[in-house]
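Protein chains: 2
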Amino acid sequence: MAALPKHILNGYRVLDMTHVLAGPTASRLMAEMGAEVIKVEFPPQGDVSRVLPAHKNGRSGYYTQQNRGKRSICLNAKTPEGRAILTELLKTVDVFIENFAPGVIGRMGFSWEAVHKINPRVVMCSISAFGQSGPLSSLPGFDYIAQAYSGVMGMIGDPNGPPSFPMVSMGDISTGVHAAAAIGFALLHRERGGEGQYLDISLLDAYTGYHELNIHLYSLTNGEVEPTRSGSQHFAVCPLGLFKSRDGYVCIIALQNQWAPLCRAIGRPELIDDPRYCDNAQRVAHASEVIAILQAWCDQQPDDEAILAALQAERVPCAPVLRIGQVVSHPHMLERGTVRVVKDPKLGEVLMPGMPLRFSGFEHNQPLDAAYLGEHNEAVLSEVLGYDAARIEALRAAGVLYANPET
Amino acid sequence: MAALPKHILNGYRVLDMTHVLAGPTASRLMAEMGAEVIKVEFPPQGDVSRVLPAHKNGRSGYYTQQNRGKRSICLNAKTPEGRAILTELLKTVDVFIENFAPGVIGRMGFSWEAVHKINPRVVMCSISAFGQSGPLSSLPGFDYIAQAYSGVMGMIGDPNGPPSFPMVSMGDISTGVHAAAAIGFALLHRERGGEGQYLDISLLDAYTGYHELNIHLYSLTNGEVEPTRSGSQHFAVCPLGLFKSRDGYVCIIALQNQWAPLCRAIGRPELIDDPRYCDNAQRVAHASEVIAILQAWCDQQPDDEAILAALQAERVPCAPVLRIGQVVSHPHMLERGTVRVVKDPKLGEVLMPGMPLRFSGFEHNQPLDAAYLGEHNEAVLSEVLGYDAARIEALRAAGVLYANPET
Chain A
0 MAALPKHILN GYRVLDMTHV LAGPTASRLM AEMGAEVIKV EFPPQGDVSR
50 VLPAHKNGRS GYYTQQNRGK RSICLNAKTP EGRAILTELL KTVDVFIENF
100 APGVIGRMGF SWEAVHKINP RVVMCSISAF GQSGPLSSLP GFDYIAQAYS
150 GVMGMIGDPN GPPSFPMVSM GDISTGVHAA AAIGFALLHR ERGGEGQYLD
200 ISLLDAYTGY HELNIHLYSL TNGEVEPTRS GSQHFAVCPL GLFKSRDGYV
250 CIIALQNQWA PLCRAIGRPE LIDDPRYCDN AQRVAHASEV IAILQAWCDQ
300 QPDDEAILAA LQAERVPCAP VLRIGQVVSH PHMLERGTVR VVKDPKLGEV
350 LMPGMPLRFS GFEHNQPLDA AYLGEHNEAV LSEVLGYDAA RIEALRAAGV
400 LYANPET
Chain B
0 MAALPKHILN GYRVLDMTHV LAGPTASRLM AEMGAEVIKV EFPPQGDVSR
50 VLPAHKNGRS GYYTQQNRGK RSICLNAKTP EGRAILTELL KTVDVFIENF
100 APGVIGRMGF SWEAVHKINP RVVMCSISAF GQSGPLSSLP GFDYIAQAYS
150 GVMGMIGDPN GPPSFPMVSM GDISTGVHAA AAIGFALLHR ERGGEGQYLD
200 ISLLDAYTGY HELNIHLYSL TNGEVEPTRS GSQHFAVCPL GLFKSRDGYV
250 CIIALQNQWA PLCRAIGRPE LIDDPRYCDN AQRVAHASEV IAILQAWCDQ
300 QPDDEAILAA LQAERVPCAP VLRIGQVVSH PHMLERGTVR VVKDPKLGEV
350 LMPGMPLRFS GFEHNQPLDA AYLGEHNEAV LSEVLGYDAA RIEALRAAGV
400 LYANPET
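In the order they appear, the protein sequences are chains A and B. When you line the first sequence up against numbering that gives the first Met the number 0, it's residues 0 to 406, in that order. When you line the second sequence up against numbering that gives the first Met the number 0, it's residues 0 to 406, in that order.
Keep in mind that a hint or two might mislead.
Copies of one chain are not kept apart here, so a pair can be met inside one copy or by any two copies together.
[Stated by the list, open to error] In the SDA-like style, the derived pairs of lysine to any residue whose C-alpha atoms are separated by at most 25 Å in a straight line are:
| id | residue 1 | residue 2 |
| --- | --- | --- |
| 1 | K345 | R314 |
| 2 | K342 | A308 |
| 3 | K116 | A397 |
| 4 | K77 | K342 |
| 5 | K5 | L89 |
| 6 | K90 | R314 |
| 7 | K5 | R191 |
| 8 | K90 | P404 |
| 9 | K90 | G105 |
| 10 | K116 | V236 |
| 11 | K116 | F358 |
| 12 | K5 | H115 |
| 13 | K55 | A309 |
| 14 | K55 | V236 |
| 15 | K55 | D343 |
| 16 | K77 | K243 |
| 17 | K243 | A286 |
| 18 | K345 | P226 |
| 19 | K90 | R267 |
| 20 | K243 | T86 |
| 21 | K342 | L3 |
| 22 | K5 | Q281 |
| 23 | K243 | N279 |
| 24 | K345 | Q299 |
| 25 | K5 | E112 |
| 26 | K342 | G222 |
| 27 | K5 | R120 |
| 28 | K77 | P274 |
These aren't lab readings, by the way, just hints derived from the structure by calculation.
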């Protein structure tokens with residue numbers, strides 16, 4: 000097989016029955032850390048993300064971003080032969096990840112109870128919207144559905160209108176990070192003499208965990224304080240919000256220590272000790288005035304750089320709200336590899352987010368290729384399971400194995 | 000010392016020089032998994048989160064949520080004796096976490112180079128807004144600042160107005176999860192014979208990673224497609240958005256497979272094959288009509304339950320946009336422990352988010368107490384470093400050690 004990147008997870012094998020986003024994110028991080036990830040797809044389409052735009056030379060950028068560095072086998076899991084292959088693979092792996100709706104993997108014959116019997120050493124991780132238990136668990140779920148139930152969606156947007164939802168799949172991706180974390184700790188447990196175990200990771204648990212204070216604040220005040228969304232200005236901290244600039248918007252934050260520097264930065268030192276603005280409570284009480292002062296100052300600046308330079312000179316926390324085109328060309332992003340150039344055999348050079356886990360002992364942003372559908376059917380069955388060429392060809396002819404080099 | 004929960008990280012010791020949120024989240028997860036976490040705070044205030052509301056009996060709910068299960072030592076790190084204690088502790092720990100602005104920990108004498116010399120086995124994790132390298136790294140940063148630079152903030156809110164920002168610290172908390180994941184893999188590396196190493200985790204890297212498609216879509220189309228925020232209705236998928244209901248808002252999603260079920264659910268089967276709505280491209284082209292049809296149907300329903308029941312009966316993905324008061328009382332949340340009752344010695348019973356990492360081999364949602372400032376000064380110095388009572392008392396009298404049982 001192709002060389003895996005020299006990294007922490009060398010020597011671990013992962014059976015990856017995930018699709019679209021949360022699950023593939025977990026196994027993608029493991030591939031970037033050197034695990035041998037065998038992704039299982041089903042004919043004729045494979046992972047539905049293979050048909051998501053944009054495409055180039057038949058390859059989906061979406062699929063590529065989430066699946067670089069994984070081997071692809073494509074088989075019909077409804078056939079006895081297909082299931083037998085999966086069972087045999089399970090005997091050889093360290094980790095098994097799936098993100099079907101709860102119950103589906105069990106009906107395929109690979110519930111935790113079954114998997115644990117097949118291989119007591121395996122760490123199995125199920126990823127779902129609501130988790131494997133509880134009254135919502137059987138409902139269909141996507142990122143935004145879990146976001147809505149968690150209370151996070153209600154915390155985003157204008158307080159006098161409908162919530163807004165982020166046009167990023169932060170729930171799926173961060174849940175994939177949660178799953179990778181749990182798998183890492185479960186492997187650590189195994190290395191220290193423990194057994195395999197089952198991990199139940201959900202978008203709802205991850206999203207709900209993002210309430211750093213909303214839940215306990217509501218609880219401790221017996222419901223008297225029910226935090227809600229606050230638009231583009233924070234309801235309880237002032238100034239903390241977005242201001243129109245020539246080029247778009249800038250975010251400006253001044254907590255107590257930053258009020259004096261902010262006043263100096265905008266050339267209004269007389270406001271530092273103004274009793275109307277002397278502490279956060281006063282500034283919140285006079286928020287419309289504070290916001291108007293800052294907006295008027297922004298309006299007077301020749302460009303966004305001038306706003307940022309003046310504030311940065313006083314170390315006032317500030318940022319331009321970057322558009323995607325600005326993100327991908329920002330010097331910090333490129334120097335740090337937060338946005339990286341990926342070279343794909345079919346896509347060519349394409350920009351993608353960098354690997355967010357950085358280890359001093361290993362290369363960051365490994366060169367890895369995405370696979371076409373079923374690209375590693377022969378390699379996996381021969382190298383891992385010892386099937387000979389005739390047996391593999393018979394499985395192919397019988398429609399158990401499938402491949403599509405055009406993907 | 001008090002018994003640690005029986006869990007995966009038993010036997011590991013963490014020196015935790017973190018404050019407020021991203022760092023404390025990483026060490027909090029480790030405490031929940033049984034690590035001995037020694038949190039270092041500075042007199043007289045300690046972690047600034049101790050003064051964040053709401054308080055009860057002198058204790059902050061905010062501090063408690065992020066710091067349950069950690070021991071607290073409070074010392075003056077500007078004194079030679081304070082630094083000597085930290086150096087001696089570093090010789091005994093497996094993990095060292097800090098989230099000061101880049102450079103600060105080095106000026107305290109505990110850069111990675113110094114720490115690695117003190118203890119080559121230690122895994123050191125630095126958490127920052129922009130990372131330890133690159134032109135932005137020295138700027139002051141908070142969650143929203145990194146969110147703005149990452150391009151995520153620009154993807155949230157009404158397309159014709161300013162962005163909105165979420166009233167949850169999802170960046171800090173999910174970056175803490177990234178850090179915990181990286182630490183887990185670094186410990187795994189050590190258990191397999193490797194050395195300690197340095198981990199550079201940033202909010203900007205984590206946030207940028209949430210762009211599941213925006214960056215490669217912009218890149219593959221050579222900038223012709225620049226995704227941006229889309230308010231409360233998705234610009235490229237229809238229907239996917241929020242609808243006003245009697246009680247608030249509901250989120251409704253129908254991808255291709257769900258259009259027919261949705262039409263049946265709302266009693267409009269004739270729309271299934273209507274050429275204006277037959278596929279997503281057509282529905283997006285007629286989005287205002289589709290949205291109006293769904294809103295009119297919602298308006299006719301007697302209550303939110305009726306909307307959800309009709310859609311769920313056809314397995315159309317949907318959700319109420321829950322307010323915090325609804326989140327904390329939802330049966331699924333409570334049954335699953337996604338929201339849990341924490342019993343704190345000073346706060347009493349208070350609701351908090353549950354532990355998002357669930358392991359079949361270990362108890363979920365461990366009972367853990369938060370510490371008052373400096374509560375474990377004596378215990379840590381005597382048990383871990385072998386100081387006798389006279390030496391500890393001398394350090395206390397000299398102002399090197401500090402405690403405040405009222406916190």
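Right, here's what the structure says about each hint:
no.	hint	result
1	K345 to R314	neither (45 Å within a copy, 37 Å between copies)
2	K342 to A308	neither (36 Å within a copy, 47 Å between copies)
3	K116 to A397	neither (29 Å within a copy, 61 Å between copies)
4	K77 to K342	neither (36 Å within a copy, 49 Å between copies)
5	K5 to L89	within (24 Å within a copy, 29 Å between copies)
6	K90 to R314	neither (57 Å within a copy, 35 Å between copies)
7	K5 to R191	both (22 Å within a copy, 14 Å between copies)
8	K90 to P404	neither (28 Å within a copy, 54 Å between copies)
9	K90 to G105	within (17 Å within a copy, 48 Å between copies)
10	K116 to V236	neither (55 Å within a copy, 43 Å between copies)
11	K116 to F358	between (35 Å within a copy, 18 Å between copies)
12	K5 to H115	between (29 Å within a copy, 22 Å between copies)
13	K55 to A309	neither (44 Å within a copy, 41 Å between copies)
14	K55 to V236	between (47 Å within a copy, 22 Å between copies)
15	K55 to D343	within (10 Å within a copy, 56 Å between copies)
16	K77 to K243	neither (57 Å within a copy, 42 Å between copies)
17	K243 to A286	within (16 Å within a copy, 29 Å between copies)
18	K345 to P226	between (48 Å within a copy, 23 Å between copies)
19	K90 to R267	neither (70 Å within a copy, 50 Å between copies)
20	K243 to T86	neither (58 Å within a copy, 48 Å between copies)
21	K342 to L3	within (16 Å within a copy, 47 Å between copies)
22	K5 to Q281	neither (56 Å within a copy, 48 Å between copies)
23	K243 to N279	within (22 Å within a copy, 34 Å between copies)
24	K345 to Q299	neither (48 Å within a copy, 51 Å between copies)
25	K5 to E112	between (34 Å within a copy, 23 Å between copies)
26	K342 to G222	between (53 Å within a copy, 18 Å between copies)
27	K5 to R120	both (24 Å within a copy, 20 Å between copies)
28	K77 to P274	neither (73 Å within a copy, 35 Å between copies)
Violated hints, listed in ascending order, are 1, 2, 3, 4, 6, 8, 10, 13, 16, 19, 20, 22, 24 and 28; each of the other numbered hints is respected by the structure.
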